[in-house]
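Enquirer: Listed here are the chains, written in short residue letters.
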Amino acid sequence: MSTPLLEANNLFCERDERVLFEQLSFTLNAGEILQVEGPNGSGKTTLLRILAGLSTAFEGELSWKGEPMSDVRDDFRASMLYFGHLPGVKATLTAEENLRWYCAVHPLTRIEGVHEALAKVGLRGYEDVPCHSLSAGQNRRVSLARLYFSEAPLWVLDEPFTAIDKRGVAEKEALIAAHAAKGGSVILTTHHELAIRDNVRQLALGGEIPR
Amino acid sequence: MSTPLLEANNLFCERDERVLFEQLSFTLNAGEILQVEGPNGSGKTTLLRILAGLSTAFEGELSWKGEPMSDVRDDFRASMLYFGHLPGVKATLTAEENLRWYCAVHPLTRIEGVHEALAKVGLRGYEDVPCHSLSAGQNRRVSLARLYFSEAPLWVLDEPFTAIDKRGVAEKEALIAAHAAKGGSVILTTHHELAIRDNVRQLALGGEIPR
Amino acid sequence: MSEPSVDISLTRVFWITLRRDLLLAYRRRNDLISPLMFFLMVATLFPLGVSPEPEFLSQVAAGVVWVAALLATLLSMDSLFRSDFDDGSLEQMLLSPQPLALLVLAKVVAHWTVSGLPLTILAPLLGVMLYLPGEGMSALIFSLLLGTPTLSLIGAIGAALTVGLRKGGVLITLLVLPLYIPVLIFGTGAVQAASTGLPIGGYLAILGAILALGVVLTPLAVAAGLRISVSN
Amino acid sequence: MSEPSVDISLTRVFWITLRRDLLLAYRRRNDLISPLMFFLMVATLFPLGVSPEPEFLSQVAAGVVWVAALLATLLSMDSLFRSDFDDGSLEQMLLSPQPLALLVLAKVVAHWTVSGLPLTILAPLLGVMLYLPGEGMSALIFSLLLGTPTLSLIGAIGAALTVGLRKGGVLITLLVLPLYIPVLIFGTGAVQAASTGLPIGGYLAILGAILALGVVLTPLAVAAGLRISVSN
Amino acid sequence: MAKSWKMPKWFYQLGSPRWCYEITGKLLPGFAIVAALLLVVGAVWGLAFAPEDYQQGNSFRIIYVHVPSAVLAQSCYMLMAVAGAISLIWKMKVADMVAKSCAPLGATLAVLALATGAIWGKPTWGTWWVWDARLTSMLILLFLFIGVYSLHHAIDNEINAGKAGAVLSLVGVVNIPIIKYSVEWWNTLHQTSTFKVTEKPAMPADMWIPLLIMVIGFYCFFAVSLMLRTRAEILEREKRSGWVRDLVEAR
Ligand code: HEM
Ligand SMILES: Nc1ncnc2c1ncn2[C@@H]1O[C@H](COP(=O)(O)OP(=O)(O)OP(=O)(O)O)[C@@H](O)[C@H]1O
Ligand SMILES: Nc1ncnc2c1ncn2[C@@H]1O[C@H](COP(=O)(O)OP(=O)(O)OP(=O)(O)O)[C@@H](O)[C@H]1O
Ligand SMILES: [Mg+2]
Ligand SMILES: [Mg+2]
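Protein chains in written order, with our numbering: chain A, 1 to 211; chain B, 1 to 211; chain C, 1 to 232; chain D, 1 to 232; chain E, 1 to 251.
By construction, these hints were calculated from the structure, which means they are not laboratory data. Some clues are possibly wrong.
What the hints assert, rightly or not - Listed below are the simulated DSSO-like cross-link pairs for lysine-lysine, each with C-alpha atoms no more than 30 Å apart in a straight line: (1) A:Lys172 with B:Lys65; (2) A:Lys172 with A:Lys182; (3) A:Lys166 with B:Lys172.
To be verified - A few chain A positions that, by computed beta-carbon distances, are all more than 12 Å from chain B: (4) Glu7; (5) Asn10; (6) Glu67; (7) Ala91; (8) Ile164; (9) Ala174; (10) Lys182; (11) Ile196.
As the list claims (entries may be wrong) - One side of the interface only, derived from the structure: several residues of chain A facing chain D at Cβ under 8 Å: (12) Ala78; (13) Met80; (14) Pro87; (15) Glu97; (16) Tyr102; (17) Ala104; (18) Val105; (19) His106; (20) Ala119; (21) Ala170; (22) Gly183; (23) Leu203.
Backbone N, C-alpha and C fix where the C-beta goes; we use that ideal spot for every residue, glycine too.
Bound conformation, chain A alone (with noise of 0.2 Å):
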């Protein structure tokens, strides 16, 4: 058996005396999609910004490509894409800078796709218009546009439907599905109903999990 991607051994966690988890353990191939599943408050952007590297209030081992995190950080962070409640972008630059600007820090990414991106995502004709003037939803597409460009092969994604429209929703699917494919990975956390079967994994968190 080859060495999963990332792999998470035995972690714990709690918060304000709340134990969200503990001895939580999985494993990450290439190719697969984990989906983390749990009602309100169970942990799941928790889990997500331990798993980054956001966080550090946590016990348990993490490695990446069979190595402890800690020696492989600098490699990790290049090959992750990390979408977050927060869409990490500037009000005052327009979707093309904020684009371009993170093309520039992230290495593993291809700067000639930011336009195209922008046009997949629904945000032609947007190209100069300060994201401060774009809608709810439009704002996150703007970030959502990464995912068009980035050759990272982890996308760790959080609630990354929210305020997005119906049809949007259908194609960043879509996306995840065809990342999957190439042999990308992916753990992501959504309150939709995902319509991806192939290589879907499922990981429960907190008691009672609606279904």
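Let chain A serve as the given structure and place chains B, C, D and E with the ligands on it in line with the hints.
Expert: Coordinates of chains B, C, D and E with the ligands only, in the frame set by chain A:
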């Protein structure tokens, strides 16, 4: 025919030289649910803010119970519950403190109902937690709890289901349907497929509506 | 339909809003000491940056304390409506049928209670540190007591007009400082008069009059400013 | 897998980040004049609040200009990382494989270019308004030129540590002001020495040394502070 | 907010951008000619023919720029505030545009007054700057202008920017008398100024007539630049309306 509760006549709004809607007229009667539909950026939020009186960047007339809005602003404000993109929850206060203040400044509310409402939105046990320690969905639940103790006849809800888990969404939909059945009116936007069927009218904004 | 709004009396709305803002301040009570520390530090920087000689300091003490109080108020002003704006509470305030000017006044009173009032109480300490003549002390306290609420009120106008803008923090200074100047002049005037044995009644009367004018007019301007900022 | 990161050279990352921040500042170019106006106004408050007499003012001019520059920098500091934090850009910065200290340094340089540098350029005007002796003028400019970057660097540490807190604006003052004091002392020392005809080389050398130390060390401290604030 | 009080018809006409554009179009050439004439006459007379001041020699001639700009800067603030009030109360678009145009003009005038005063101060007082009541309140006026201007430009939405600017300039208007009074009082308390700017020098007619001409000329020139700015503003904001399109096509 009785006078409609809310009437919009010939509304026109443009932002950054893009016309969002023009010659938009509609009425809303007691007991009706009006779902404003449209893709991202089609102007749903803008319309709701105009109706609520938060934005004045429009042309056209609004009337409330047959009288021009500007004459009956205060009565209208007292009769409306607005739920916007921002939940209006103070991070350093607890859920209960937040809602109690809301009751104080909004007359048509039952302050006795606050505690029970929090339980109903699944925040039992979180009463004493400051809201910054709540998850994204829990924060929005705090604000949604207002639906349980407000007696305002008109609800204006902008994407009320964002970040809410599936069970939560079902409960809120039932609540909205019950409100309409009791003679209340609702204007809402959502990218979810609404399960409610009775008394729902759609208002489409933007050229292409995803169906 | 609008009867219930009569039910909740205006005084009650005022008190509840005041209580809420004081509670908010209490929850973040570590922030409360910050304006005070700022106040103290400006008064410390001054001898360090300029001259530590007692005779010199005692001449300038009144002015330095007043300028420090003014800057400390100014610094804390930006946050008056910002968090309400960011989390949407401000929208809910504007949508309330209660008179907005009243809610605003409650917020300003709360703000003053946690900034201007402690400054006033701390001022004698600064006075001593800067060798303010003993006769000037009570004038300092009274002038601050009458002047700082005006500073909070005027500052609230600036805060209301800039709350919708990203990075309002510095613009507010620009809008508000020119309006602060009369208060500063009469405030320091009172202390200097007292230090030289002149009567201070006139100064305090003017400060009081400005305050009275401010209490009546500024909440209206602030309310107008808030509606503009939110509708943006 | 990590080859591409070598590809994008570090200098390029630095320049692009610097350019982005300057562009952001340019987009809100009206905000740029605000720290300057603040600077001017503090220098105005002082004669108004204390005494307008030329002989007196010329004694204190150096100190007042320096204190005003310090406060203006301090005021603008809070926004350094706040907007990046609020909109999530900061998370993306932390998740970049590029050295965070480098990105931070670029941001601080951009900040200084739009705040400290204009302050330095404007300082002679204030000097004239406060009757600073002509001999002190060049010392004022050089001391500010060497001192203000240090102020920005030190301020960035405070900004990084408080960015995760609501209402950091005032707390930052508390953290940063004590660290500013050495800069203030050597800065005003230089101007006062020059005004009395003494050599200023020693003062400038010390300011330069502090700056050199700051450029090397503070970005690391800032980077650490940011990681702590975000992981909160 | 006040419900519209009844106002005469011309008042509402003034509110129509189109009417305003047309009427200013007719007035502009007249004002421009008068302004040019007065400024040239006043300047030549004042600079070349007015007698030398027996104390200050020729340096006093800067008065012909200094006084008009100082006087005008103050009028400009009042105009800005009144226009702001009108736009707030009667929601008149044109008033809003006028108020917006006033801020940069007023700031320029204030800077001019300060600069000429400073230049004048150097030979007469031996210093560029004195913390005198007049000077200080002029400086504060400049700050107020810059505040209104910055606020205008910080807000993206035109209409809201106008309203915000109007609120601020109205607050400033309440404060201006207080500022003036306080600064004057403050100054008389601390400083015995050797030079009183306030006192009108007993000037010979040959000196003050050109001054009067210059003042009127400045007013006319101000009217011209205000109209030009406002017209540009009208075109910018009304560019989607039919009449502006016709106008553009006619060009
Ligand atoms: C930066 C320096 C100065 C400033 C800001 C300044 C400001 C003013 C102002 C605001 C006015 C009032 C116009 C009015 O409302 O009637 C004025 C008028 C005048 N100023 Fe200055 N001034 C300055 C320097 C000077 C100097 C150096 C002199 C000459 C010694 C001078 C002579 C006058 C005269 C003669 C008037 C006309 C007074 C009158 O008609 O009431 N000013 N100046
Ligand atoms: N502050 C603003 N200034 C200028 N234009 C704006 C502003 N806010 C929104 N817009 C523009 O108005 C349009 C409608 O925005 P709105 O927020 O109403 O859309 P929406 O239908 O609510 O979209 P979503 O589904 O994404 O929430 C967008 O195209 C946007 O570009
Ligand atoms: N900053 C914090 N400090 C303390 N506790 C927190 C903090 N943030 C979140 N929590 C707690 O951690 C739990 C999990 O939060 P988290 O944001 O991970 O939930 P989630 O599964 O993402 O929920 P949602 O579906 O609403 O986004 C919640 O119960 C919340 O109360
Ligand atoms: Mg979450
Ligand atoms: Mg919306």
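Enquirer: So, for every hint listed, does it hold in this structure?
Expert: Hints and how they fare:
1. A:Lys172 with B:Lys65: Not OK: Lys172 (chain A) and Lys65 (chain B) at ~43 Å, beyond 30 Å, violated.
2. A:Lys172 with A:Lys182: 15 Å, holds
3. A:Lys166 with B:Lys172: 20 Å, holds
4. Glu7: 26 Å, holds
5. Asn10: The claim holds: Asn10 (chain A) sits with its nearest Cβ about 23 Å from chain B, beyond 12 Å.
6. Glu67: Given that every Cβ of chain B is farther than 12 Å from that of Glu67 (chain A), nearest at about 31 Å, it holds.
7. Ala91: 14 Å, holds
8. Ile164: 7 Å, violated
9. Ala174: Fine: 14 Å to the nearest Cβ keeps Ala174 (chain A) off the interface.
10. Lys182: Per Cβ check, Lys182 (chain A) is outside 12 Å of chain B; nearest 26 Å; holds.
11. Ile196: 17 Å, holds
12. Ala78: For Ala78 (chain A), the interface hint holds, since the closest Cβ of chain D sits about 4 Å away, which is under 8 Å.
13. Met80: Result: holds, 7 Å to nearest chain D Cβ.
14. Pro87: This interface hint holds because 6 Å falls under the 8 Å limit.
15. Glu97: 7 Å, holds
16. Tyr102: With a minimum Cβ separation of about 7 Å from chain D (threshold 8 Å), the hint on Tyr102 (chain A) holds.
17. Ala104: Interface hint status for Ala104 (chain A): holds (4 Å vs cutoff 8 Å).
18. Val105: 4 Å, holds
19. His106: Hint holds; His106 (chain A) Cβ to chain D Cβ min 6 Å, cut 8 Å.
20. Ala119: 22 Å, violated
21. Ala170: 25 Å, violated
22. Gly183: Status violated, d = 13 Å.
23. Leu203: This hint is violated: Leu203 (chain A) lies away from chain D, its Cβ roughly 22 Å from the closest one there, beyond 8 Å.
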